[in-house]
Amino acid sequence: MSNPKPNSKQARSAARLAAVQALYQFEMEGTQQAILLDEFHRHRLGAEIDEDQYAKAEVAFFDDVVKGVIARRDEIDELLSGKLAEGWSLARLDKTMLQILRAGAYELLARADVPTGAAIGEYLDVAHAFFDAREAKFVNGVLDAVAKTAR
Numbered sequence: 000m001s002n003p004k005p006n007s008k009q010a011r012s013a014a015r016l017a018a019v020q021a022l023y024q025f026e027m028e029g030t031q032q033a034i035l036l037d038e039f040h041r042h043r044l045g046a047e048i049d050e051d052q053y054a055k056a057e058v059a060f061f062d063d064v065v066k067g068v069i070a071r072r073d074e075i076d077e078l079l080s081g082k083l084a085e086g087w088s089l090a091r092l093d094k095t096m097l098q099i100l101r102a103g104a105y106e107l108l109a110r111a112d113v114p115t116g117a118a119i120g121e122y123l124d125v126a127h128a129f130f131d132a133r134e135a136k137f138v139n140g141v142l143d144a145v146a147k148t149a150r
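Heads up, the sequence shown is in numbering that gives the first Met the number 0, so the first residue is 0 and it goes up one at a time.
Rather than coming from a laboratory, the hints here were simulated on the basis of the structure.
A hint or two may mislead.
[Unchecked claim] Using 35 Å as the maximum straight-line C-alpha spacing, the simulated DSBU-like pairs for lysine-lysine come out as follows:
id, residue 1, residue 2
1, Lys-55, Lys-82
2, Lys-82, Lys-94
3, Lys-66, Lys-136
4, Lys-66, Lys-55
5, Lys-136, Lys-55
Since this is a predicted model, take the numbers as computed values, not measurements.
I would like the entire structure built from these sequences, with the hints used as guidance.
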């Protein structure tokens with residue numbers, strides 16, 4: 000018997016995935032933050048789009064990650080840049096990958112209520128939704144290095 004009401008872990012996972020998508024849209028289109036959040040609240044979080052049912056997301060958590068990454072982007076980018084291999088820059092990263100790293104780094108910096116392993120593991124799951132195992136290992140390595148600095 001399935002339970003249509005998501006549990007809090009599922010709602011947080013859905014919020015993280017949606018936050019990465021929103022941050023990608025912000026990066027690519029420059030959508031104003033208020034408009035972006037409103038669009039996701041009304042049309043994406045828990046909605047059915049093209050016959051795909053999106054999971055109910057923890058809206059407050061989604062908002063915090065999106066607003067936090069946007070507000071602290073320079074700080075986050077500086078931290079991430081310092082964790083990349085020599086010769087690599089954020090500009091060389093795939094735009095989706097960059098948003099995954101930014102969101103994960105934000106949680107590690109600002110969300111002490113989220114255990115380190117949970118934050119890293121959740122963004123590994125997000126990475127697996129978009130990339131193969133090699134890129135997921137990259138996310139793991141960078142976020143693990145961020146965690147050692149941030150926590």
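Hints and how they fare:
1. Lys-55 to Lys-82: 33 Å, holds
2. Lys-82 to Lys-94: Status holds; Cα separation ~17 Å.
3. Lys-66 to Lys-136: Given that 35 Å is the threshold and the Cα spacing comes to 27 Å, the pair holds.
4. Lys-66 to Lys-55: 19 Å, holds
5. Lys-136 to Lys-55: 28 Å, holds
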